[in-house]
Amino acid sequence: MEPIKSFSGRVVALPVDNVDTDQIIPARFLKITGKTGLGESLFCDWRADAAGKPKPDFPLNRPEAAGATILLAGDNFGCGSSREHAPWALLGFGFRAVISTSFADIFRNNSLKNGLLPVVVDSAAHAELFAMVARNPSVELRVDLASQALELPAGRVLSFPIDSFSKQCLLAGVDQLGYLLRRQSEIAAYESTHPPRVQA
Amino acid sequence: MTAPRPRTLFEKIWDHHVVAREPGCPEVLYIDLHLVHEVTSPQAFQGLRERGLKVRRPGQTLATLDHSIPTTDPTLPILDPIAARQVAQLETNCREFGVRLYGRDSDRQGIVHVIGPELGLTQPGMTIVCGDSHTSTHGALGALASGIGTTEVEHVLATQCLLQSKPKTFEVRVDGSLRPGVTAKDIILALLARIGTAGGTGHVFEYTGGAIRALSIEGRMTVCNMSIEGGARAGLVAPDDTTFQYLAGRTFAPQGAAWEEALAAWRRLPTDDGAAYDRSIAIDAGQLEPMITYGTNPGMGLPISGRIPDPEKLPDAAHRAAVAKALAYMGLEPGRAVAGLRLDVVFIGSCTNSRLSDLRLAAGVLKGRKVDPNVRVLVVPGSQLVKKQAEAEGLPEIFRAAGCEWREPGCSMCIAMNGDELKPGQYCVSTSNRNFEGRQGKGGRTFLASPLTAAASALKGVVTDVRTILQ
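Protein chains in written order, with my numbering: chain A, 1 to 200; chain B, 201 to 671.
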């Protein structure tokens, strides 16, 4: 995983609440055994009509979406299925951060483990961001993980929360498995006093 | 000496499983049972291979095939080459890493959340994970069970542990008695209609109260199963005599002296008097009607005597937009009665409602009757064991005589990965757990309901209040 420090990028606004992971990547794309190649299927049933033709007005199909790295989404983004294919598809499309007022727990966990940054802002800032992108679709935001700052044009800065453990892992570009593997003696000690509950 | 602080069921299980705790870090939580299926595990096994790691506890890991396999004759090859490759990959991974697999040729194969409890693998006080959000099902037996992503599947395979920050607790108290025609499914759909799909985010539900106590373990599984649809990390029911009677004698349940020892520990699990929950909600079971969803998330539900809401009349702008979008997808007019809506398909199955008691409920309505000739009705048992028990009771004959298809176990039309799917525009009453756009097939439209409502609707070819048939 590449370390995340800071980056700037254009924004795709998707003003829909409760976006579930079935919309982010429909189940028929989950038969793969790898993690790559899902970007082109991101939101595919919203991006194309029944005949498979791209809908020009869908935010991801607009010209300014090309090269965008930040998705601005409605409340409770990523609810439903635990499929990690959802962050894989978002990353595959080129997104590096998603901004919302809230994220579903499993989606947030999955995103943090893949270097996709969930950026939580309050409702007022959320509305301000949607209005700003509507006024200027090519506006660029800057995300700085170290200072937990979302930088808007004209020097306006919003701060966002992230747990310190995930932050350190993302800044260093390290997988959280390394931390668990370093706890093997404690795990063995636990196992020595807690025999297996079942033997499948 | 001071008395120990009263704790909730959740806190007792959590505390018992903390392996390590450091300031500024999530807790290292031990996992007693890891369930694995074909769709969310291949990348995790590949990760182990790339790092040269083994499965730490193969005996505490169990795999099955459920999501992408056909529900037709299991001796025939899988025609979808990509699904076939994924299935073959799980077989290879289980062989290579020494994990037991209940594959298509096993008489223990089935939906992962059906087989865990029925084999007695799911036990009170355990921690259980699976790369599947409906892992919350296992909470019906008083196990702390959560869905995880594929990276976490790799973590658990490698270390039998998970890094977790401690969620908050949320008591869902359901008192009173259910009226005829109202079931466990209606309790959970009513909860979701009240709290929405994010109402439980960051929390673990504990279902309490007389109406929950009165449910069978299978009914409790239906309730716990859909905890994730309210955004909760897990759903729990404290173990009681119903739980112990369910478990006694099951394949992997403790036997003899070990049973007595386990029983003593399980009796200490229920929430202590005086323990506090972070949040709570109360539902009166006696006021509930059969519930059905009209929209595109499980929180968009209403009593079956209700009318489709008019977005224009909703006070909140975001809610208005969401309902308008849902009705456009569903092709439904505001204000019309939900009963009487035309159907193309009825699906009875899924980890929510594919157990023997669910099939008995549906068969009770269908027995000696015929389903509407314009409706395709699929009945998909949750596991080979459920199928065998249903066969012993003559249920397949009832379903077939009524005009239903009786199929092989699997997730089937709940997730529509295996060829069992709706065609664009079709309407389906489904006993599954998600009515998201396209969930049961691209362009398909889902009404979530109980097995009773599904069976009644199959007979009439339209959304039907089962109470009009039971009379």
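It is worth saying that the hints were derived from the structure and are not from the lab.
Don't be surprised by glycine CBs; every beta carbon is placed ideally from N, CA and C.
Any given hint could be a false lead.
To be verified - DSSO-like mimics (lysine-lysine), calculated; alpha carbons at most 27 angstroms apart, straight line:
id : chain 1 : residue 1 : chain 2 : residue 2
1  : A       : LYS53     : B       : LYS570
2  : B       : LYS642    : A       : LYS35
3  : B       : LYS660    : A       : LYS53
4  : A       : LYS55     : B       : LYS570
5  : B       : LYS660    : B       : LYS570
6  : A       : LYS53     : B       : LYS525
Unchecked claim - Examples of chain A residues lying across from chain B (beta carbon under 8 angstroms, computed):
id : residue
7  : ASP22
8  : LEU30
9  : THR36
10 : ARG47
11 : GLY80
12 : SER159
13 : ILE187
14 : VAL198
As the list claims (entries may be wrong) - A short, non-exhaustive set of chain A residues, derived as facing chain B with CB atoms under 8 angstroms:
id : residue
15 : MET1
16 : GLY34
17 : LYS35
18 : ASP45
19 : ALA50
20 : ASN76
21 : SER82
22 : VAL120
23 : LEU171
24 : GLY173
25 : ARG183
26 : ARG197
May I ask you to test the interface hint for SER159(A) with respect to chain B, counting a Cβ-Cβ separation under 8 angstroms as satisfied?
violated, 19 angstroms
Tell me if the interface restraint on ARG183(A) is satisfied: Cβ within less than 8 angstroms of some Cβ in chain B.
holds, 5 angstroms
Would the pair LYS53(A) and LYS525(B) pass a check requiring their Cα atoms to be no farther apart than 27 angstroms?
With a Cα-Cα distance of about 21 angstroms, the restraint between LYS53(A) and LYS525(B) holds, given a limit of 27 angstroms.
Given VAL198(A) as an interface hint, is the shortest Cβ-Cβ distance to chain B below 8 angstroms?
holds, 5 angstroms
Taking the least C-beta to C-beta distance, is LEU30(A) closer than 8 angstroms to chain B?
holds, 5 angstroms
When the nearest CB of chain B is found for GLY80(A), is that gap smaller than 8 angstroms?
With a closest approach of 6 angstroms, the GLY80(A) hint holds.
How about ARG47(A): closest beta carbon in chain B under 8 angstroms, or not?
Result: violated, 13 angstroms to nearest chain B Cβ.
Interface hint compliance - VAL120(A) to chain B, C-beta minimum distance less than 8 angstroms:
With a closest approach of 12 angstroms, the VAL120(A) hint is violated.
Any CB of chain B closer than 8 angstroms to the CB of LYS35(A)?
With a closest approach of 5 angstroms, the LYS35(A) hint holds.
Does the closest beta carbon of chain B sit nearer than 8 angstroms to the beta carbon of THR36(A)?
violated, 10 angstroms
For the hint on ALA50(A), just tell me whether its beta-carbon gets within less than 8 angstroms of chain B.
Check passed: Cβ of ALA50(A) comes within 6 angstroms of chain B, closer than 8 angstroms.
With a cut-off of 27 angstroms on the C-alpha distance, tell me whether LYS53(A) and LYS570(B) pass.
violated, 41 angstroms
Hints 1, 3, 4, 9, 10, 12, 15, 22, 23, 24, counting from the list given before, are not met by this structure.
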